[in-house]
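Residues per chain, in single letters:
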Amino acid sequence: MAKSSKLDTLTSELENRLDELFREDGQPGEPLQFRDAPSQPLAELKKIVLSIDWEITPEAVESFLAQIRLLKEAYQADKIVSMFLQILGSLGQYIKSNRSKAHPSTFSLLNSVFARLEEITSFPKMRELEKRKLLQMEMTAYQQLREKISQRRAADEAKPVPPAPAKPPAIPAASEVTAPMLAQAVAELKEFFRSEMAALRRQLKLKIDASR
Amino acid sequence: MAFVNLKNKLIQVKIVYYGPGRGGKTTNLEYINRKFQHRINSEMVTVKTHGDRTLFFDFLPFDVGLVNGYQIKIQLYTVPGQVKYDATRRLVLRGVDGIVFVADGMLVRRETNIQSLRNLQENLASYKKSLRTLPWVLQYNKMDLKEQGIPMMPIEMLEQDLNQESPRPYFPASALEGTNVVATLKKIITLTIASIRKELL
Numbered sequence: 006m007a008k009s010s011k012l013d014t015l016t017s018e019l020e021n022r023l024d025e026l027f028r029e030d031g032q033p034g035e036p037l038q039f040r041d042a043p044s045q046p047l048a049e050l051k052k053i054v055l056s057i058d059w060e061i062t063p064e065a066v067e068s069f070l071a072q073i074r075l076l077k078e079a080y081q082a083d084k085i086v087s088m089f090l091q092i093l094g095s096l097g098q099y100i101k102s103n104r105s106k107a108h109p110s111t112f113s114l115l116n117s118v119f120a121r122l123e124e125i126t127s128f129p130k131m132r133e134l135e136k137r138k139l140l141q142m143e144m145t146a147y148q149q150l151r152e153k154i155s156q157r158r159a160a161d162e163a164k165p166v167p168p169a170p171a172k173p174p175a176i177p178a179a180s181e182v183t184a185p186m187l188a189q190a191v192a193e194l195k196e197f198f199r200s201e202m203a204a205l206r207r208q209l210k211l212k213i214d215a216s217r
Numbered sequence: 028m029a030f031v032n033l034k035n036k037l038i039q040v041k042i043v044y045y046g047p048g049r050g051g052k053t054t055n056l057e058y059i060n061r062k063f064q065h066r067i068n069s070e071m072v073t074v075k076t077h078g079d080r081t082l083f084f085d086f087l088p089f090d091v092g093l094v095n096g097y098q099i100k101i102q103l104y105t106v107p108g109q110v111k112y113d114a115t116r117r118l119v120l121r122g123v124d125g126i127v128f129v130a131d132g133m134l135v136r137r138e139t140n141i142q143s144l145r146n147l148q149e150n151l152a153s154y155k156k157s158l159r160t161l162p163w164v165l166q167y168n169k170m171d172l173k174e175q176g177i178p179m180m181p182i183e184m185l186e187q188d189l190n191q192e193s194p195r196p197y198f199p200a201s202a203l204e205g206t207n208v209v210a211t212l213k214k215i216i217t218l219t220i221a222s223i224r225k226e227l228l
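Chains as they are written, first to last, in the numbering used here: chain A, 6 to 217; chain B, 28 to 228.
Extracted from the complex, chain A is given alone in its bound form (with noise of 0.2 Å):
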């Protein structure tokens, strides 16, 4: 019995102690805001393209695409959200190729992306012509990039290779190398194209259906 009492009275009096620290009073130490509140499914993802802005690193760039990957999920339903995850995807799997040769403005269409994205979802009371207005502004930016991509590729695989320097300067490399490197040249081009008609195709149809 005695026993009994005073394990109440302990418990009474940490209740007592637990409620006194922590009492949410909204004393000094709050609000807390370690997010917008508007757009917080996005707040990682904003970390993630900040840390990508400042540094690329291969952490950096697998959260960001495992990111994307969470959201997708979680978006599924949204066809513009998830159009703009696919944008987002498409630049950090070219990004993650590339890294910090890949095309300047990328990093600026990534920023830009996101901010559209955080904008829409921020306020969802937005109407829908106005998100569709914003996500073709996008997706216009974001092809533009594409081409400037391939203009910037097939320019790169045009330069004649400068010859070996171990080779003896007699023979006469340009030539002989040359030819084999622009059939090789050609034979990516196409492949290039190829993939990018392919996945030019997809975004069409993903376009499509989310216009249904």
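Hints listed in this document are in silico derivations from the structure and should not be mistaken for laboratory results. Misleading hints may appear alongside valid ones.
[To be verified] For lysine-lysine, the following BS3-like pairs were computed, each having C-alpha atoms within a straight-line distance of at most 27 Å:
1) B:Lys173 / A:Lys84
2) A:Lys51 / B:Lys111
3) A:Lys51 / B:Lys34
4) B:Lys173 / A:Lys130
[Stated by the list, open to error] Here are some, though not all, of the chain A residues that point toward chain B, as calculated from beta-carbon distances under 8 Å:
5) Thr16
6) Arg22
7) Leu23
8) Phe27
9) Glu49
10) Ile61
11) Gly94
12) Ile154
[Stated by the list, open to error] Stretch by stretch, here's where chain A covers chain B in the computed footprint (C-beta under 8 Å, at least three residues):
13) 59-71
14) 94-100
15) 107-115
16) 209-222
Ideal Cβ placement from N, Cα and C applies to all residues, glycine included.
Could you slot chain B onto chain A? The hints should help.
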């Protein structure tokens, strides 16, 4: 095992926040640290990776003060949720007195919650401890995301998945907004101290 010094009337307990990666364990501690820093007079120690996820653990010690003549000290830990850091998780669980299992309420995380709970049971078994005997509570986190239209698990589903064997107290919560963060903490402290009361009386 709690550190109890009857001579000096000092009790120190270790509470670990466990759960899947990105479930909100660190956010719980961050909320407590930032909101009550002016009262608990403590510093949270955190080691993070570049991507801002917990690599080692977060540690937040604080004093509850005098209770029934005993000075009570609490140590809160989190573990890294990512699967590959199992060795670190096991290490942090060493000497644990109470556990908060932070489950992610998002529907897409259903399987990871279950795996994490299974992992907790396995890791406790390596110390010959069990969820059947340890004080623990569940927190179903990220409930605020429902308003964002993100598919969430109903409480019944979470309960069925995670809290069937010997049902424990649970708290639907939003660690980010602070909803039920304190209630979870108070409950686990009370349960943990109650579990070692025999040594006190």
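A quick look at each hint next to the structure:
For the suggested pair B:Lys173 and A:Lys84, the alpha carbons sit about 18 Å apart, so the restraint of at most 27 Å is met. Between A:Lys51 and B:Lys111 the alpha-carbon distance is near 24 Å, which keeps this suggested pair within the 27 Å criterion. Our distance criterion of 27 Å between C-alpha atoms is broken by A:Lys51 and B:Lys34, whose separation comes to about 52 Å. A threshold of 27 Å between alpha carbons decides the hint, and for B:Lys173 with A:Lys130 the separation of about 16 Å falls inside it, so the pair holds.
Below 8 Å, beta-carbon pairs count as interface contacts, and A:Thr16 has one with chain B at about 6 Å; its hint therefore holds. For the restraint placing A:Arg22 at the interface with chain B, the shortest Cβ-Cβ distance is roughly 5 Å, inside the 8 Å limit, so the hint holds. For the restraint placing A:Leu23 at the interface with chain B, the shortest Cβ-Cβ distance is roughly 5 Å, inside the 8 Å limit, so the hint holds. Interface restraint check for A:Phe27: the shortest CB-CB distance to chain B comes to about 5 Å, inside 8 Å, so the restraint holds.
With 8 Å as the threshold, the beta carbon of A:Glu49 comes within range of chain B, its nearest partner Cβ sitting at about 7 Å, so the hint holds. Taking 8 Å as the C-beta contact cut-off toward chain B, the hint placing A:Ile61 at the interface is violated, the least distance being around 11 Å. With a cut of 8 Å, the hint placing A:Gly94 at the interface with chain B is violated, because the nearest CB-to-CB distance is about 16 Å. For A:Ile154, the shortest C-beta to C-beta distance to chain B is roughly 26 Å, which exceeds 8 Å, and the interface hint is violated.
As drawn, the region 59-71 of chain B meets chain A at 8 residues by the rule of a beta-carbon pair under 8 Å; at three or more, the given contact holds. With a threshold of 8 Å between beta carbons, the proposed coverage of the region 94-100 of chain B by chain A holds, since 3 of its residues qualify and at least three are required. Restraint check on the region 107-115 of chain B versus chain A: 0 residues with Cβ-Cβ distances below 8 Å, three needed, restraint violated. Counting residues of the region 209-222 of chain B whose CB lies closer than 8 Å to any CB of chain A gives 7, so the stated coverage by that chain holds, three being the minimum.
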